[in-house]
Structures are given as structure tokens and as C-alpha cells.
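Novice: One-letter residues, chain by chain:
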Amino acid sequence: MTVWKKLKPKFWDYVDAAAGPFAHLFDFRRIWQLAVLLTAGVAVVPLVAITAIDYQVTQNSIESEIALRTSRLASNTRRAVAFFLTERRLALDFIVRDNSFEKLNDPERLQTILKNLQDSFGGFTDLGVVDPLGYQRNYAGPYKLEGVDYSGQAWYREVLERGVHISDVFSGFRQVPHLIIAVKHEVGSGTSFVLRATLDTERFNHLIAQPEVAGSGDAFLINREGKLQTPSLFHGKVLDTISLPVPPFSPNTELIETEDGQGQLNAIGYAYIEGSPFILMIVKNKKELMKPWYKTRLQLMGFLAASITIILAVILGVATYLVNKIYLADQKRLTTLHQVEYSNKMATIGRLAAGVAHEINNPLAVINEKAGLIKDLFSMREEYARDEKLVNTINAVLSSVERCAKITRRLLGFMRNTGVTTERIHLGETIQEVLAFLNKEAEYRSFHISVHVDEDVPPITSDRGRLQEIFLNVINNSFAAMQNGGSLEVTAKRDKEGFVSVSVKDDGCGIPKADLERVFEPFFSTKTGKGGTGLGLSITSGLVQELGGEIRVDSEVGKGTSFTILLPIDIQKKEKPSYEGPLGR
Amino acid sequence: MKVLLVDDEHELVSTLAERLSLRGIQADWAISGEEAMRLAEKNPYDVAVLDVKIPGISGLELKRRLHSKRPDLRFIFMTGHGSEEDFRSCSAETADGCYLVKPVNIEDLIKKMNELMTMSEVRP
Chain A
1 MTVWKKLKPK
11 FWDYVDAAAG
21 PFAHLFDFRR
31 IWQLAVLLTA
41 GVAVVPLVAI
51 TAIDYQVTQN
61 SIESEIALRT
71 SRLASNTRRA
81 VAFFLTERRL
91 ALDFIVRDNS
101 FEKLNDPERL
111 QTILKNLQDS
121 FGGFTDLGVV
131 DPLGYQRNYA
141 GPYKLEGVDY
151 SGQAWYREVL
161 ERGVHISDVF
171 SGFRQVPHLI
181 IAVKHEVGSG
191 TSFVLRATLD
201 TERFNHLIAQ
211 PEVAGSGDAF
221 LINREGKLQT
231 PSLFHGKVLD
241 TISLPVPPFS
251 PNTELIETED
261 GQGQLNAIGY
271 AYIEGSPFIL
281 MIVKNKKELM
291 KPWYKTRLQL
301 MGFLAASITI
311 ILAVILGVAT
321 YLVNKIYLAD
331 QKRLTTLHQV
341 EYSNKMATIG
351 RLAAGVAHEI
361 NNPLAVINEK
371 AGLIKDLFSM
381 REEYARDEKL
391 VNTINAVLSS
401 VERCAKITRR
411 LLGFMRNTGV
421 TTERIHLGET
431 IQEVLAFLNK
441 EAEYRSFHIS
451 VHVDEDVPPI
461 TSDRGRLQEI
471 FLNVINNSFA
481 AMQNGGSLEV
491 TAKRDKEGFV
501 SVSVKDDGCG
511 IPKADLERVF
521 EPFFSTKTGK
531 GGTGLGLSIT
541 SGLVQELGGE
551 IRVDSEVGKG
561 TSFTILLPID
571 IQKKEKPSYE
581 GPLGR
Chain B
1 MKVLLVDDEH
11 ELVSTLAERL
21 SLRGIQADWA
31 ISGEEAMRLA
41 EKNPYDVAVL
51 DVKIPGISGL
61 ELKRRLHSKR
71 PDLRFIFMTG
81 HGSEEDFRSC
91 SAETADGCYL
101 VKPVNIEDLI
111 KKMNELMTMS
121 EVRP
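The listed protein sequences derive, respectively, from chains A and B.
Using the working numbering, read the first sequence as starting at 1 and increasing by one per residue.
Using the working numbering, read the second sequence as starting at 1 and increasing by one per residue.
Just so you know, the hints here were simulated from the structure itself, not pulled from any lab data.
Just so we're clear, the structure is a prediction, and the values are computed from it rather than from any experiment.
For each residue, glycine too, the CB sits at the ideal point set by N, CA and C.
One or more hints might be untrue.
[Unchecked claim] Derived lysine to any residue pairs resembling SDA-like cross-links, with alpha carbons at most 25 Å apart: (1) Lys370(A) / Arg65(B); (2) Lys111(B) / Pro363(A); (3) Lys53(B) / Arg97(A); (4) Lys406(A) / Gln26(B); (5) Lys370(A) / Lys53(B); (6) Lys287(A) / Gln262(A); (7) Lys111(B) / Leu377(A); (8) Lys370(A) / Ile25(B); (9) Lys406(A) / Asn105(B); (10) Lys406(A) / Leu100(B); (11) Lys370(A) / Gln26(B); (12) Lys53(B) / Arg351(A); (13) Lys370(A) / Ser14(B); (14) Lys370(A) / Lys111(B); (15) Lys2(B) / Ile374(A); (16) Lys115(A) / Val96(A); (17) Lys112(B) / Pro44(B); (18) Lys112(B) / Arg403(A); (19) Lys53(B) / Val356(A); (20) Lys111(B) / Arg409(A); (21) Lys112(B) / Leu398(A).
[Unchecked claim] Computed beta-carbon distance windows for the label pairs: (22) Pro363(A) / Glu115(B): 25 to 31 Å; (23) Asn105(B) / Arg552(A): 41 to 47 Å; (24) Val451(A) / Asn114(B): 34 to 40 Å.
Please construct the entire structure, taking both the sequences and the accompanying hints into account.
Specialist: Structural data, given as C-alpha cells:
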């Protein structure tokens with residue numbers, strides 16, 4: 001709250017009560033709000049929009065890049081795996097074409113072929129020749145498997161049907177994962193035999209593990225039931241069932257996004273490998289892949305936040321500054337307006353007073369002459385001339401007329417200066433003239449008034465009317481603050497080069513510090529409701545400025561206030577005041 | 001010394017004239033411009049005391065007309081108003097200090113008249 005109080009601009013709580021139907025023109029808070037909203041909207045909305053678009057575009061491009069890379073990797077690996085299997089199938093195909101059934105039934109020959117296969121291709125564990133009835137007629141390898149009957153087994157039927165069979169990976173006798181490739185060879189007249197080879201999956205695994213999969217990615221083969229055919233990094237050992245669903249069949253390399261059991265989003269590239277039960281899976285953790293993007297995104301957001309903060313700060317600052325300027329200009333306008341109004345009023349009062357004085361002066365002159373004539377006539381008759389009572393009475397009438405004349409003359413003299421004139425003025429005289437006006441009040445309230453003008457104070461060249469108004473306002477102001485019986489000191493002395501100062505010091509109630517800097521503001525009044533307009537000191541300050549001087553105030557609550565008016569000795573040497581009222585006050 | 005008093009206030013001029021004659025100064029008075037002109041045509045006055053504002057004619061205008069008729073005539077202005085402009089224009093037409101604000105002390109008026117007379121005598 002205190003911070004707000006400090007920051008709150010001057011115009012915030014300003015309400016122009018006199019604005020009437022044009023109040024909206026002077027609702028500075030609304031102007032400020034509108035300015036801030038509009039500029040902020042115009043500046044921030046496009047920035048946010050562009051950032052959002054950029055965000056979207058960048059994220060999309062990164063995602064599509066990930067998709068592209070994953071699918072390319074899947075596609076390449078698929079080709080390699082397919083090639084690997086085809087190569088071995090073709091090798092077996094070649095063997096059955098190159099060797100007759102009889103030749104293959106020669107154990108030595110089969111042993112040689114196995115050795116050759118192991119040396120050239122590698123990975124072959126054993127070879128078996130199965131006769132048309134399903135019995136294994138010849139076998140080369142580490143086990144004794146001659147004579148085994150395969151006729152009832154599914155794989156055998158598949159070979160007979162389709163000519164080739166590639167099995168799922170299985171553990172076998174040695175608990176080493178391996179797979180079987182079997183090819184059929186027609187001997188003619190509808191009979192055929194089958195060459196069956198067991199391959200260990202070591203080479204196979206190597207083929208799958210090779211692709212470099214970035215960002216906690218994984219590459220492996222599964223069969224159609226979802227059992228792992230090659231070891232994986234994060235999805236289990238060989239023959240475990242993976243937690244991911246088995247993707248639907250597609251002849252092409254596909255890309256899908258799924259959530260795994262831990263709620264992690266994965267980008268999966270997969271491909272069904274032709275002629276085999278295998279499905280190649282490239283699984284990448286999306287979060288891991290997007291990490292660089294998250295970093296960029298954070299920077300982007302940071303930049304956006306910083307930009308918006310700076311923009312808003314600048315907008316707030318500029319709007320506040322400008323609206324404050326408008327507010328001050330408006331205040332200045334109001335002051336001027338009221339000053340003009342006040343001047344007009346003063347001029348009107350002046351004319352009125354002069355008119356009244358004139359009207360009174362004529363009958364006064366008649367009284368003067370008639371009384372004078374009576375006195376003249378009395379002085380010629382000895383009986384009357386000696387009558388002291390009569391003479392005194394007539395003298396009293398004459399002196400009263402004289403007093404009235406003095407008053408009207410003062411009134412005329414005081415109000416006479418409606419034009420802009422400069423003349424040589426003795427400050428002491430002017431001060432006395434003004435005090436003469438306030439004499440009655442001072443007497444009623446038993447004020448002690450002392451006037452001291454230093455001897456070295458030169459006569460100044462200035463505007464008498466304005467000076468009188470200034471002194472009248474300031475002294476009136478002091479009177480208002482003083483208790484009955486208080487004292488007022490008016491002192492005039494030389495000040496800095498080319499200036500004299502007049503100080504009016506009272507022992508009144510004083511002005512609180514908080515109000516001190518506002519006393520010259522228009523409409524600042526502590527006497528509102530008691531006849532104060534809040535304009536007196538404001539106008540005084542304006543008048544002093546017009547005379548090329550300045551006015552200062554010092555005050556202490558309970559001790560009194562002192563106004564010091566600094567006036568140039570020759571106003572002509574100062575710049576001419578620019579303000580001239582419409583009536584040439 | 002013969003004096004002409006012009007003021008629309010009958011009571012004022014008549015009384016003033018009577019008081020002046022009590023002091024040995026022959027004074028005639030008029031309450032309008034025409035009457036003043038008529039009197040001035042008949043009598044050679046030394047001094048004319050004019051109100052600045054007379055009905056139908058301004059004191060300044062009257063002064064000019066009287067002056068054209070009697071170039072030797074001296075003038076004193078007397079006014080109840082005392083505005084700055086009046087003071088300026090009247091001062092320009094007469095000698096220094098011959099602009100008096102009503103009510104006027106008769107001794108001051110006579111003193112002024114005597115001053116004017118001496119000045120006119122000194123004049124070639």
C-alpha cells in the first residue's frame with residue numbers, strides 16, 4: 001500500500017468536479033488505462049502470436065525430423081535383417097540344388113557342407129536332411145538327432161506348403177537362443193525333401209544392435225505374439241514379452257506413437273520383415289529426443305517473458321509520463337482560466353468601486369461647499385464666529401467630509417490601475433496604502449503591525465496595482481491565520497543583485513509541512529467552507545511571477561508563517577510577462 | 001480675477017461661486033456647455049473651472065471650444081471620478097496639478113487659481 005502510495009501518479013485520484021458533461025475528457029485515469037491497454041495490446045499480441053507460431057513450427061519440424069530419422073533407421077535395419085535371412089535361405093537353396101538327396105544323405109558330405117557354411121557365413125549350428133516322410137535322415141551338428149520324426153510338427157507342414165520356413169527364436173536344448181531355416185526341394189514326381197539349418201542368433205543380434213539409436217532408444221525384433229527375438233536395452237531379455245502392443249501389420253515401414261506402461265511417450269518405427277515371423281521395432285523415448293527442444297523452448301519462453309516485461313514497463317512509464325504531462329497542462333490551463341476569471345472579477349469590482357466613489361464624490365462636494373458656505377457666513381457675523389459650539393459643529397462636518405473624501409480617493413486610487421503600467425514605487429508607501437485598507441480589521445482584532453523598510457531600499461519600477469494586490473492577499477492570508485492580539489511584521493530590504501525582498505511574518509497558527517508545498521496550488525485551501533476560494537495565494541504567486549519576482553514561504557506549526565516576496569528593482573530589465581488578460585487587466 | 005465655474009451640479013457651482021465671491025473673486029457659473037459658451041462670449045474670464053463630465057459634452061471638448069474663443073483663458077479640471085485616463089488626458093491639456101478630485105478644499109482651489117494667474121502674467 002505504501003509502495004502504491006509512492007508510485008501513484010498525481011492524476012490518479014483527480015476528479016474535475018466542474019467539468020460537467022465533458023468529464024470524460026478529464027478522466028485521466030481512463031485515458032491512462034486506455035493508452036496502456038491499446039499500446040500494450042498492439043505491442044504484445046503480435047509478439048505472442050509470432051512466438052506461438054514459431055513455437056508450433058519449430059516443434060512440428062523437430063517432431064517430423066525425429067519421425068524421419070526413426071523411419072529411415074527402421075527401414076535400413078529392416079532391409080539388413082531381410083537381406084541376412086534371404087542370404088542364408090538362398091545358401092540353403094543353393095545346397096539343395098547343388099547336392100542330390102543321396103549326396104546329402106552322406107554324413108561326411110553334410111559335415112563338410114556345415115563346416116563350409118560355418119566358415120563362410122558363420123552362425124550355422126547344425127544341418128539336417130528330412131526325407132519326404134518327415135524323418136530326419138541325416139544330421140550334422142552337436143546333437144544326436146538322426147531319425148527324429150518331424151512329420152507332425154507345424155514348421156514341417158509349413159515348409160511343405162510354402163517351400164520355406166523361418167522359425168521364431170527359441171531356446172532349444174542348450175538354452176541358447178536360435179532359429180531354424182528350412183527349405184524344401186522337389187525331387188520330381190511330387191516327392192520332396194527338406195534341408196533344415198539351425199542358426200544361433202549372435203550374428204543376428206549384432207545386426208540389430210548395430211544401428212545407432214540416439215536418446216535412450218532401443219532396437220529389437222519381436223515375433224507376432226510380441227515375444228522378444230533379440231535382446232533389448234529396456235524392454236526385456238530374449239523371449240520375454242514386451243510391454244508395448246504388437247503393431248498392426250503393414251507391408252511398409254510405419255511410425256506410431258504409443259505410451260508404454262510407465263506413461264512415457266514413445267516414437268516407434270516398425271516393419272514386418274517379409275517371409276519371416278519377425279517384426280523390427282525401433283523404440284525411441286520421445287521425451288529424451290525432445291530434450292534439446294525443451295531447452296530451446298525454455299529460452300524462447302524466457303525471451304518472451306523478458307520482452308513482455310520490458311515492453312510493459314516502457315508502456316507504463318511512457319503512458320504515466322505523458323498523461324501526467326497532460327494533467328499538469330490541464331492544471332495550468334485551469335489556473336490560467338481561474339486567474340482570468342478572478343482578474344475579470346477584480347476589474348469588475350474595481351469599476352464598481354470607482355463608480356460608487358464617483359457617485360459619492362459629487363454629493364460629498366455639495367456638502368463640502370454648503371458646509372463651507374455656512375462656515376464662511378458664520379465667520380462674517382461676530383455673534384456666530386464667537387459661538388464655539390457652532391464653529392466646532394461645522395468643523396466636524398467639514399472634517400467628516402474630508403475623511404470621506406480620503407476614503408473615496410483611496411478607493412479610486414486603489415482600483416484605478418486596471419491597465420498595465422509601470423511606475424516608480426516606494427515600497428514603504430505601497431505597504432502603508434495596503435495596510436490603510438486593512439486598518440479597521442487590524443484595530444478590531446488588536447493586531448500589532450510593524451513595518452520596517454531599510455534605508456537602502458531603492459524605489460522600484462513595477463506595477464502598482466499588482467503590487468497592492470500581492471501585499472493585500474499575503475497580509476489578508478496572515479490575518480486569517482492570526483489570533484486576536486497577534487503581531488505582524490512587514491520588512492523590506494535589499495536582496496541579491498537587482499532585487500529587493502519584502503517579508504510578511506505573522507505569529508499565527510502556521511502551515512503543516514505536508515501542506516507547505518501546496519499552498520501556491522490553485523484550489524488548495526484549508527478555509528474551504530469558511531469563505532476561502534483557495535485562489536488567493538495561487539493568484540498572488542502568478543502576480544509575483546508576472547512582476548518578474550518570486551515568492552517563498554516558511555512556516556512552523558504553532559509559531560507562525562513568513563512569506564518572502566522577491567521583486568526586481570526594475571521590471572523593465574526582466575523579461576516582459578507573457579500573460580495579458582483578455583481585458584488587459 | 002474673473003472665474004467661470006461649469007458643473008452640472010447646480011448646488012455645487014452656485015455655492016462655490018458664492019463662497020468665491022465672499023473671498024473677493026468674481027465667479028459666474030453654468031450648468032451646461034452652451035451656457036458656459038454664452039457666458040464666455042460675453043465676459044472675459046481669467047480662469048475656467050470645468051467638471052470633466054458635463055451632460056452632452058465632455059469637459060475636454062468644452063475646454064477646447066472655450067480655448068478657441070478665449071485663448072488667454074486658463075483651465076482647472078475638477079472631477080468626482082479620477083480615473084487614470086481622465087487624469088492623463090486632462091493633465092495633457094492643462095498645467096501641472098490642475099486636475100482636482102472632488103470634494104475640493106476651497107483654499108486649495110484659490111491657491112491653484114492664483115498660481116495659474118501668475119503663470120499667465122509671466123507668460124509673454
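Novice: Going through the earlier hints one by one, which of them does the structure break, listed in rising order?
Specialist: As far as the earlier hints go, 1, 3, 4 are violated by this structure, in ascending order.
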